Amino acid sequence: MGRAAGPILDELAGAGQSGQVPAVHYQHRLIPYQVVAVISPWNVPLLLAMIDSLAALSAGCSVLLKPSEVTHDLSNHYSGTRRRARIGGGARIVTGGPETGKAMIEQVDAVVLPVA
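So that you can map any letter, position 21 of the sequence shown is 22 in the numbering used here, and since no number is skipped, the others follow by simple counting.
No lab work stands behind these hints: they were computed from the structure.
Just so you know, not all the hints are guaranteed correct.
[Said to hold, decoys possible] Cβ-Cβ distance ranges computed for the label pairs, FRET-style:
#, residue 1, residue 2, range
1, Q21, R87, 21 to 29 Å
2, T82, A104, 45 to 53 Å
3, N44, I106, 44 to 52 Å
4, L114, Q28, 28 to 36 Å
5, P99, N77, 18 to 26 Å
6, P23, E100, 12 to 20 Å
7, L47, E107, 50 to 58 Å
8, V45, A111, 28 to 36 Å
9, S76, Q21, 44 to 52 Å
10, E100, Y34, 50 to 58 Å
11, T82, V22, 33 to 41 Å
12, Y34, V116, 18 to 26 Å
Given the structure is predicted, the values throughout are model-derived calculations rather than measurements.
Glycine included, each C-beta is placed from N, C-alpha and C at the ideal position.
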């Protein structure tokens, strides 16, 4: 899934000509957010963390993942899954409770709160 996103994103970016007003030309660029926070819930934590972080990494963003404080083993599973799938990119895991999540939200460019 991650490797397939690159060509799709390349196709979305580009230049063209307006169909409505032929004299109007445009150029469309996709610019990724620098850092995206993914705050994963306690239920289905690995799946939801992977879906949202994979989308952000495929778009060229760095990811800061904060799993729920009750999902202690998520860090190891997340890192192992990314390694086996050969998903590169800048992803870091931060642990902590609600205070950590609040601090993250104030420091990043975009926030993803997956819901199951």
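A quick look at each hint next to the structure:
Separated by about 43 Å at the C-beta atoms, Q21 and R87 break the suggested range of 21 to 29 Å. The hint said 45 to 53 Å for the Cβ distance between T82 and A104, and at roughly 26 Å that hint is violated. Take N44 and I106: their Cβ atoms lie about 21 Å apart, and the range 44 to 52 Å is violated. Evaluation of the 28 to 36 Å hint for L114 and Q28 yields a pass: the beta carbon distance comes to about 33 Å.
At roughly 23 Å, the beta carbons of P99 and N77 sit within the given window of 18 to 26 Å. Taking 12 to 20 Å as the suggested C-beta distance range, the pair P23 and E100 does not conform, at roughly 56 Å. Range check, L47 to E107: about 26 Å between beta-carbon atoms, so the 50 to 58 Å window is missed. As the Cβ distance of V45 to A111 is approximately 22 Å, the hint placing it in 28 to 36 Å is violated.
The hinted range of 44 to 52 Å is satisfied by S76 and Q21, whose Cβ atoms lie roughly 51 Å apart. Roughly 23 Å separates the CB atoms of E100 and Y34, a value that falls outside the hinted 50 to 58 Å. At about 48 Å, the CB distance of T82 to V22 disagrees with the hint of 33 to 41 Å. For Y34 paired with V116, a C-beta distance near 20 Å keeps the hint of 18 to 26 Å intact.
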